[in-house]
Amino acid sequence: MAKEMMLSGCAAAAQGAKFAEIEVTASYPIRPYTAIMMELAKMIANGELDCEFVHGEGEHAQVSIVLGASACGARAYVGSAGVGVTYAFELYSPVAGGRYPLQMAIADRTLDPPGDFGSEHTDAMSARDQGWLMGWASTPQEVLDNTLINYRVGEDPRVMLPQFVCQDGYFLSHIPDKVILPELAQVREFLPPYKAPHPLSPACPVSHGPQIRPDQGAPMDAQRAATFLVVPKVIEEAVADYNRIFGRNLAPWLEKFMMDDAEVAFFIQGAHANTCKSAIRHLRDQGLKAGMVRPRWVRPWPTQQIAEALANTKAVACVETSTSYGGATRGGNLIHEVSASLYDLDKRPLLTSFMAGLGGDVILLDDFYYMAKILKQMVEEKKTRQKVYWVGFEDET
Amino acid sequence: MAIKIPKDREVPFGAITPAPVKQQDLFITSNWRIVRPIIDHEKCTRCFTCYASCPDSCWSYNEKEDKMEWNWKFCKGCQICIYECPADAISAAPELDFQDGVHRLEKPF
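Residue numbers (the working numbering), protein chains in the order written: chain A, 1 to 397; chain B, 1001 to 1109.
Just so you know, these hints were derived from the structure itself, not from any lab.
Wrong hints could be hidden among the right ones.
Lysine-lysine pairs mimicking DSSO-like chemistry, simulated, CA-CA at most 27 Å apart [to be verified]:
1) A:383 with A:347
2) B:1076 with B:1022
3) A:233 with B:1004
4) B:1007 with A:233
5) B:1064 with B:1043
6) A:277 with A:383
Every beta carbon over 12 Å from chain B, so not counted as near; a handful from chain A, in silico [unchecked claim]:
7) 89
8) 183
9) 240
10) 252
11) 312
12) 330
13) 373
14) 396
Partial selection, computed: residues in chain A whose CB lies under 10 Å from chain B [stated by the list, open to error]:
15) 71
16) 211
17) 229
Every residue, glycine too, gets a C-beta built ideally from N, C-alpha and C.
Required output: the full structure, derived from the provided sequences and hints.
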């Protein structure tokens, strides 16, 4: 019988790693992700998990260690937060380019401007173009689900890519919620042992990460880009298998909330979606047909699915939980990709974005009502006045 | 949408290759060389200073012919061997002066 436990996002990530029977992990402390490593260390000490636990001297070393482990054929697991994520940045492209399907858990933390420790998605979002799979969970349950699903997709011989499994710091990483723990036998059926195609081994010597020529760089890039054309199919297969084996009902790409008749929609990723859903219930009571779309993946970006989900709305708001200073809207990142996803629709909804949930700020119900007011105004005026609003910092005159 | 890599531009998956026993012939790295070292075998004393000083191990000793040999596939033209040679036996020659120079080849290697 499946067991139910109250787990924080960090504890759920560690449980996911345990059920995935990871073989090597490397740690270096930085809150809020640290609790994942504390849980793993405890599991190893208690004999619940047979795994090499290596202390790195920094995040760059951490990811280097798991790169080596993965190259030897181990299922490897690592994690970090905030400036730790950016300190390891050099490794991200080689890990993806060398096709090491290791997993990195990220519990978001604001990058230093200076020294804030709250949650903000900019740390992980900065690394979104390095060739990793990437997506945000919104509940501890989803953290565990994503841990297993990502290993399954990443280790698929058609894919062979590393994965960023992200969760909001504190809001998710440190707040417990009910999590259904699977049976190990089920997990083993869903996630067979990892088999590296060309592991480093004295028995069959191979060379990993050699110097290549400039004219070999472009085909390497094309090879990686071509892989991302296959990934969507693998994700859909994996989620269907997951739902079948664990008796769940996960959507492969998007969580859609009250979207059937929605006139205005919030597009939001991560745990703030939970507040958003409450706000939508209240807004509906007051007669505004609001809905929410939450992407479960940032890479690969679900272009087609987003276009279909938002096609019948009149106005859409991207709730940006990361920054893109000086970008197209001078705001966040999501609107760039949402714009590109909607551009080819015959009838595009109006589109704006809201900077909220930055630096660890809570996005309050009142903030969502403020956004809804602007969405309503856009529908009435049939135009977008501003492409970005800094919630709480707008001059209202 | 499909991405197709032409046959003549194919690369190994993830650049993972069989381990080279001596040198990595799949990834030759000398096509940015501007000069190449030329050795005068008469002046050469077989002291192996070039062998010891080359960062890319491009000098080796041919025992049969009793002479130093240069590996054109990996030499970047850094000229350390020229500077270090105590017998002044190595000199720099512009790559463009050679018919087989890396700059002349339509597709280097």
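Here is what the structure says about each hint:
A threshold of 27 Å between alpha carbons decides the hint, and for residue 383 (chain A) with residue 347 (chain A) the separation of about 14 Å falls inside it, so the pair holds. A hinted pair counts as satisfied when its Cα atoms are at most 27 Å apart, and residue 1076 (chain B) with residue 1022 (chain B) qualifies at roughly 18 Å. At most 27 Å may separate the alpha-carbon atoms for a hinted pair to count; residue 233 (chain A) and residue 1004 (chain B) meet this at roughly 19 Å. For the hint pairing residue 1007 (chain B) with residue 233 (chain A), the CA-to-CA distance comes to about 26 Å; that is within 27 Å, so the pair holds.
With a CA separation close to 19 Å, the supplied pair residue 1064 (chain B) and residue 1043 (chain B) stays within the 27 Å bound. Only pairs whose Cα atoms come within 27 Å are accepted, and residue 277 (chain A) paired with residue 383 (chain A) is accepted, the gap being roughly 25 Å. Its beta-carbon lying about 20 Å from the closest one in chain B, residue 89 (chain A) satisfies the requirement of being farther than 12 Å from that chain. Look at residue 183 (chain A): its CB is around 34 Å from the nearest CB on chain B, clear of 12 Å, so calling it non-interface holds up.
Chain B leaves residue 240 (chain A) outside its interface by the beta-carbon criterion, the shortest separation being 23 Å against a cut-off of 12 Å. Here residue 252 (chain A) stays apart from chain B, with its beta-carbon at least about 19 Å from theirs, past the 12 Å limit. Every CB of chain B lies more than 12 Å from the CB of residue 312 (chain A), the least distance being 26 Å, so the non-interface label holds. The beta carbon of residue 330 (chain A) is kept farther than 12 Å from every beta carbon of chain B, the shortest such distance being approximately 31 Å.
Every C-beta of chain B lies more than 12 Å from that of residue 373 (chain A), the closest at about 40 Å, which supports listing it as non-interface. At roughly 45 Å from the closest C-beta of chain B, the C-beta of residue 396 (chain A) stays outside 12 Å, upholding its exclusion from the interface. Annotation: interface hint on residue 71 (chain A) holds; nearest CB of chain B at approximately 9 Å, less than 10 Å. Because the beta carbon of residue 211 (chain A) sits about 5 Å from the nearest beta carbon in chain B, less than 10 Å, this interface hint is met.
A distance limit of 10 Å between C-beta atoms decides the matter here; for residue 229 (chain A) the minimum to chain B is near 6 Å, and the interface restraint holds.
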